[in-house]
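Enquirer: Let the sequences and hints guide you as you build the complete structure.
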Amino acid sequence: MYCQCRAKAGRLMMCSAKEVVLLTQARTLASPTTALSRPSNVRPSPDPNRSLVTMTTTNDPLEVEAIFQQKRSLRSKIRKELKNMDPIRRSEEDNAIQSIVLGAPWFKASKSFCAYISCAALREVDTSRIVSEVLSKPIEDQKKLYVPRVEDRNSNMRMLRISNVDDLIENSMHLLEPSLVHSDGKQREDVMEVSDPVDLFIVPGLAFDRSGKRLGRSGGYYDLFLKKYQEHAKERKWKHPLLVALSYSLQIIDEGAIAVTSKDVSVDALVTPSGYIPISSAALERGK
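No gaps in the numbering here: position 168 of the sequence shown is 168 in the numbering used here, and each next residue is one more.
Pairwise CB distance ranges (calculated):
(1) 86 x 193: 39 to 47 Å
(2) 192 x 81: 33 to 41 Å
(3) 102 x 62: 43 to 51 Å
(4) 195 x 61: 38 to 46 Å
Derived by calculation from the structure, the hints in this document are not laboratory data.
Predicted model, so just to flag it, every value in this text is computed and none were measured.
Where is the CB? At the ideal position from N, CA and C, for every residue including glycine.
Expert: This is the structure we're talking about:
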């Protein structure tokens, strides 16, 4: 989250919702794949609420350092591949992924969800079309949308509700995030303080495997926040939200290549340009 993103990379989201949709549709479109059956080599988790942890636990400093070194090496490799990704292919994959999300039963059924605001300089899968389609509706008909706001350099972030692209401001790292207060001075709604659960988290990452392991950017913001939200939901006896990661084709790697610790969070499902890949049994059920 603390990688710098140039201001112009965020300008798309500063347009009106209508302009964002038009700009997105003007890009080269892929023929989106919908639907999707579970791949033969993907087995659902026996726990229908599995959303978090897969892990290697160890107290050996040498083993921990070896895991971090493996992560650093893989991050470097994936960043280079993303940097060299053909722009036309990127545009096609962005549009295919967003079409799949918008047409998915688990997205249509969600009443409230958390999603990241994509940054082109970070080469994240684009979410501008998803966000703009939600925000283009009258507020009374909108799904509740919460987006990240970084709090500090200690991996703390919040998810605050927005109802308009004008609710986003550029922070000191040139990333778009929600302001703390509305124009009338009222505090913005925090997902950890509302009385109703969210149904869905749409999360970014650098690499994923088909068992749900996720490699982040090393900040730990999503891992820490998702663990806190899981504990929050458990205390209130809420159903766990579905954790869905958006991934370019080149970000899907072989199982076993992502080293994890007990602090790492696994996802329930992936959306790639080829379709929806359910991993947990909850994701398989909600994908019907």
